[in-house]
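> Below are the chains, spelled out letter by letter.
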Amino acid sequence: DTAVSQTPKYLVTQMGNDKSIKCEQNLGHDTMYWYKQDSKKFLKIMFSYNNKELIINETVPNRFSPKSPDKAHLNLHINSLELGDSAVYFCASSQVALYSTDTQYFGPGTRLTVL
Amino acid sequence: DQQVKQNSPSLSVQEGRISILNCDYTNSMFDYFLWYKKYPAEGPTFLISISSIKDKNEDGRFTVFLNKSAKHLSLHIVPSQPGDSAVYFCAASASNQGGKLIFGQGTELSVKP
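In order, the protein sequence lines correspond to chains A and B.
Counting with my numbering, you get residues 16 to 130 for the letters of the first sequence.
Counting with my numbering, you get residues 17 to 129 for the letters of the second sequence.
If you are wondering where the hints come from, they were derived from the structure by calculation, not from laboratory data.
Virtual Cβ for every residue (Gly too), placed ideally from N, Cα, C.
You can trust all of the hints, since none of them are fake.
Residues on chain A that point at chain B, a partial pick, calculated with CB under 8 Å:
1. Lys55
2. Ile60
3. Ser63
4. Ser109
5. Asp117
6. Gly124
Just chain A, with the same shape it has in the complex:
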């Protein structure tokens, strides 16, 4: 009964491949996010979706494309993987995107390693 779940937990792949990370939340939240934690441990927002609509799109390469089939799911597709994409990717969700006071709940993370 995990609130925010991600699959896979670990992903090792070769440069140039295309991969996807899935995220699901069972909290009934309207908004979902993707964050990237780089080697320096900074957590940086990449995208957010509110009810399947893109709200936040930070300066992220076009190779990264979020897809939200419904408000409980936000998947991250990455094309033509590069070494610099190696990081831990966290999915999160919150009730509403419009108010900064809504607590974000994070998934366990997906550690992506590009060889």
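Since chain A is already given, all that's left is putting chain B on it; use the hints.
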């Protein structure tokens, strides 16, 4: 451009003592601040938050203090317990930014028995 900074990468405290974790920010538009706790191989979990209209918020052993003029906040844990050992992230958001959280780089707290 680091808008939220945690200048101490690590902190070691004796069990039962007070732990004080610090955070500085530069963006005066931030109006909500949060602390998250993270164990290895897990996602961050929400700990405590404070709105910019307050200067203190308390929840059990955890208290967050906000000094808006200094653009500084701190998290106090009293008394510290070994189970508090984790990485603590400070985060900030502005009400017109659609829930976007800006995180500091974290402080690793070690509470020794």
